[in-house]
Amino acid sequence: MSRRTRRTLQTVAAATLLVGAATACNAAAKNDASDSAGSGGSGTSFTLVTPDAVGQNEFLKLAVTGIKDAAKAHDGTQKVYESTDTASQQQNVQAAVDAKPDVIVLVGFEFADVVAQQAEKNPTQQFLIVDACTTKTYKNVSCAVFREHEGVYLAGAEAGLLSRSGKVGAVDVLDTPQFRRYSDPFAAGAKQVAGKTETSTRFVGGQSPFDDSARAKEQANTLLSKGYDQIMAAAAAGNYGVFEAAKAKGAYAYGVDVNQCPSAPGTVVDNVIKRTDVAVEKGIDAVLGGTTGTTVSYGLKEGGISLTGLEDGVDSSQCVIADHKDVLTKVEALRDRIVSGELTVDDPAAS
Amino acid sequence: MFLDSDLLMSALRALTPILLAALGGALCERAGVFNIGLEGMMLLGCFTSVATSWFTGSPWLGVLAAALAAAAYSLILAVGAVTLKGDAVVLGIAMNLLAVGLTSFLLRTVFGVQGTFDDPSLQGLPLIGGFSPLAHLSWAAVAVAALLLSRHVWGLRLRGVGEAPDAAATLGVRPATYQYGVILLSGVLCGLAGAQLALGNVTLFTENMTAGRGWIAVVAVMLGRAAPLGVLLAALLFGLAEAAGFRLQGLGLPQQATDAAPYVVTLGALFLTTARRRRTPRPSGARS
Chain A
1 MSRRTRRTLQ TVAAATLLVG AATACNAAAK NDASDSAGSG GSGTSFTLVT PDAVGQNEFL
61 KLAVTGIKDA AKAHDGTQKV YESTDTASQQ QNVQAAVDAK PDVIVLVGFE FADVVAQQAE
121 KNPTQQFLIV DACTTKTYKN VSCAVFREHE GVYLAGAEAG LLSRSGKVGA VDVLDTPQFR
181 RYSDPFAAGA KQVAGKTETS TRFVGGQSPF DDSARAKEQA NTLLSKGYDQ IMAAAAAGNY
241 GVFEAAKAKG AYAYGVDVNQ CPSAPGTVVD NVIKRTDVAV EKGIDAVLGG TTGTTVSYGL
301 KEGGISLTGL EDGVDSSQCV IADHKDVLTK VEALRDRIVS GELTVDDPAA S
Chain B
1001 MFLDSDLLMS ALRALTPILL AALGGALCER AGVFNIGLEG MMLLGCFTSV ATSWFTGSPW
1061 LGVLAAALAA AAYSLILAVG AVTLKGDAVV LGIAMNLLAV GLTSFLLRTV FGVQGTFDDP
1121 SLQGLPLIGG FSPLAHLSWA AVAVAALLLS RHVWGLRLRG VGEAPDAAAT LGVRPATYQY
1181 GVILLSGVLC GLAGAQLALG NVTLFTENMT AGRGWIAVVA VMLGRAAPLG VLLAALLFGL
1241 AEAAGFRLQG LGLPQQATDA APYVVTLGAL FLTTARRRRT PRPSGARS
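Heads up: the protein sequence lines correspond to chains A and B, in order.
For the first sequence, the working numbering begins at 1 and goes up steadily by one.
For the second sequence, the working numbering begins at 1001 and goes up steadily by one.
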């Protein structure tokens, strides 16, 4: 081995070690088990596995609330396993399976594959996946999915009522049917309340569409410069870029999943939220009631999808909609029509 | 309606981070170091600028800290490639991977959040004449780099180190000193690029927020043949292609097609420049 190659190898080894060290810090699996609630009289037990640390993640906090409520309702016990990355997700699922609780609840698409494997190996273990499903159906895997488009439609109605320019737009992640659930119904909702509304959607795209807030901001700017004054932000991490753009032009924006109003008070009007707590609690009820292996969809009717403005605590939400009670009244009426089945919202992802 | 001032402004905003990073890459290239760690250094700059601006309340200190942190980070390449004679490509890739892991890890430990750190009270850079001060700086840097490379003795020696290190050494120029210098300088420029992205283009930090801009800068270096003006034109081309891609979506073109715009432009530009290069014999001496 020549001196040159040996040196190169040394450098490569050093570089690999460095990368390894950095990832190792992340890979340390966090197995936070928080045990509480209930006397455990009946011995029913539930385990929630989250894809990320719960921390300030509102979406996951709601899931934790859901499992605590379920434990209380069924006089059982619950545990929460928080993951930090792909490796710890798998470890946590394995740990949950080993503990054999009555139901293992998992939140997020990250778990679809690992649950499929585990469900086959452990046919007596009951699983509940929230916000995703396995591609194949299993007798012991139940799924809870959301009809996001219904909430987005209501947000669109708010936009239609609040728009001064008569132009409402959306910044979406990618042009796929699943993501169009966040943009097409927004336009439809606005047209429902103001027929002449002009609508347009921009997709972030690019090399990392979910992280690129600078690109999302530019997409929002192209809409704003054409006079669009209401922007649905469905750009994942790019949402913050959309809010910045809207704030700079004095326009309004709409968030998703959780209450995003505090990141730009006065700019974010309302949010389409997923009530993971409702899905977890109702899903557990169904599994314990003997209904397993089914996929249940949660929308406005089931209380699984809602707007921040339609929930309790709207006055302290820092959302713009709190100052527009008249708009909320109209949106509530629209929601009631969807709940009663009188009005159906087109689902772009329907095949 | 299609070509208007908004389009130009959008293109110029997209241009600045790429241009700063590409200038750093071009200087390294001229000194014979192939630097593909631009993306990682930029990402580190993004995080450092946001963290510093948040804790000190001053975006200017954020910019300074980003430049220093990225320069310190570039030492990995300098020591590895120049002193230890390691493979610059392997080192660059390692730096890019490490930066993604490191910034995600720091985001969790320093701010206790995952994914994105964003706060209404985070201070971004002010605009001067409609542009970020770092945009002005990037244009000045192009002029300075072009003059230095073509007119100054340092530039001559730098090019000498890149083209014939042994010859340069016999004339009393120490190649290692020059290579260390440009690698550290590319670190500073990438740090500024990151600060521009995280405190100028937007005011927040997202994991992996550079989103391939460092790689586009690497391509801009090649396309511009590592000459400051060439790099400026190449980066401008990317900026325009991206901004025009956004507009095309407005005209009803599908997103998948408009996403291809920068790459189509790159291929076209590469085709045209190589065709021209074939006709004119490559000069053995200096260009800038």
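Keep in mind the hints are simulated off the structure, nothing from the lab.
The model shown is predicted, which means the values in this text are computed figures rather than measured ones.
Ideal placement from N, C-alpha and C gives every residue a C-beta, glycine not left out.
Don't take every hint at face value.
To be verified - Cβ-to-Cβ under 7 Å is the rule here; a few derived chain B residues that face chain A:
| id | residue |
| --- | --- |
| 1 | 1010 |
| 2 | 1131 |
| 3 | 1177 |
| 4 | 1181 |
Claimed, not checked - Far from chain B, by Cβ distances over 10 Å, these chain A residues were calculated:
| id | residue |
| --- | --- |
| 5 | 55 |
| 6 | 101 |
| 7 | 117 |
| 8 | 174 |
| 9 | 196 |
| 10 | 211 |
| 11 | 212 |
| 12 | 215 |
| 13 | 225 |
| 14 | 226 |
| 15 | 241 |
| 16 | 262 |
| 17 | 285 |
| 18 | 310 |
| 19 | 314 |
- residue 285 of chain A clear of chain B by more than 10 Å, beta carbon to beta carbon? Answer for residue 285 of chain A: holds, closest chain B Cβ roughly 31 Å.
- Evaluate the condition: distance from the CB of residue 314 of chain A to the nearest CB of chain B exceeds 10 Å. holds (20 Å)
- Message: If we take the beta carbon of residue 262 of chain A, is the closest beta carbon in chain B still more than 10 Å away?
- Response: violated (8 Å)
- Message: According to the definition I'm using, a residue is off the interface if its beta carbon is farther than 10 Å from all beta carbons of the partner; does residue 225 of chain A meet that for chain B?
- Response: violated (4 Å)
- Verdict on residue 241 of chain A as a residue remote from chain B, using beta-carbon distances over 10 Å: violated (5 Å)
- Query: Is it correct that the beta-carbon of residue 310 of chain A has no partner in chain B closer than or equal to 10 Å?
  - Reply: holds (25 Å)
- Item | Beyond 10 Å from every chain B Cβ - status for residue 226 of chain A | violated (7 Å)
- Query: Does the claim that residue 196 of chain A lies outside the interface with chain B hold up, using a Cβ gap greater than 10 Å?
  - Reply: Consistent with the label, residue 196 of chain A stays out of reach of chain B, its closest Cβ about 19 Å off (over 10 Å).
- Confirm or reject the statement that residue 117 of chain A sits farther than 10 Å, beta carbon to beta carbon, from all of chain B. holds (26 Å)
- Restraint satisfaction for residue 1177 of chain B [CB to CB of chain A, less than 7 Å]: Constraint on residue 1177 of chain B not satisfied, violated at 20 Å.
- Separation of residue 215 of chain A from chain B, once the least beta-carbon distance is taken, above 10 Å: violated (7 Å)
- Interface-negative label, residue 212 of chain A against chain B, beta-carbon threshold 10 Å: Answer for residue 212 of chain A: violated, closest chain B Cβ roughly 4 Å.
In summary, the numbered hints that this structure violates are 2, 3, 4, 5, 8, 10, 11, 12, 13, 14, 15, 16.
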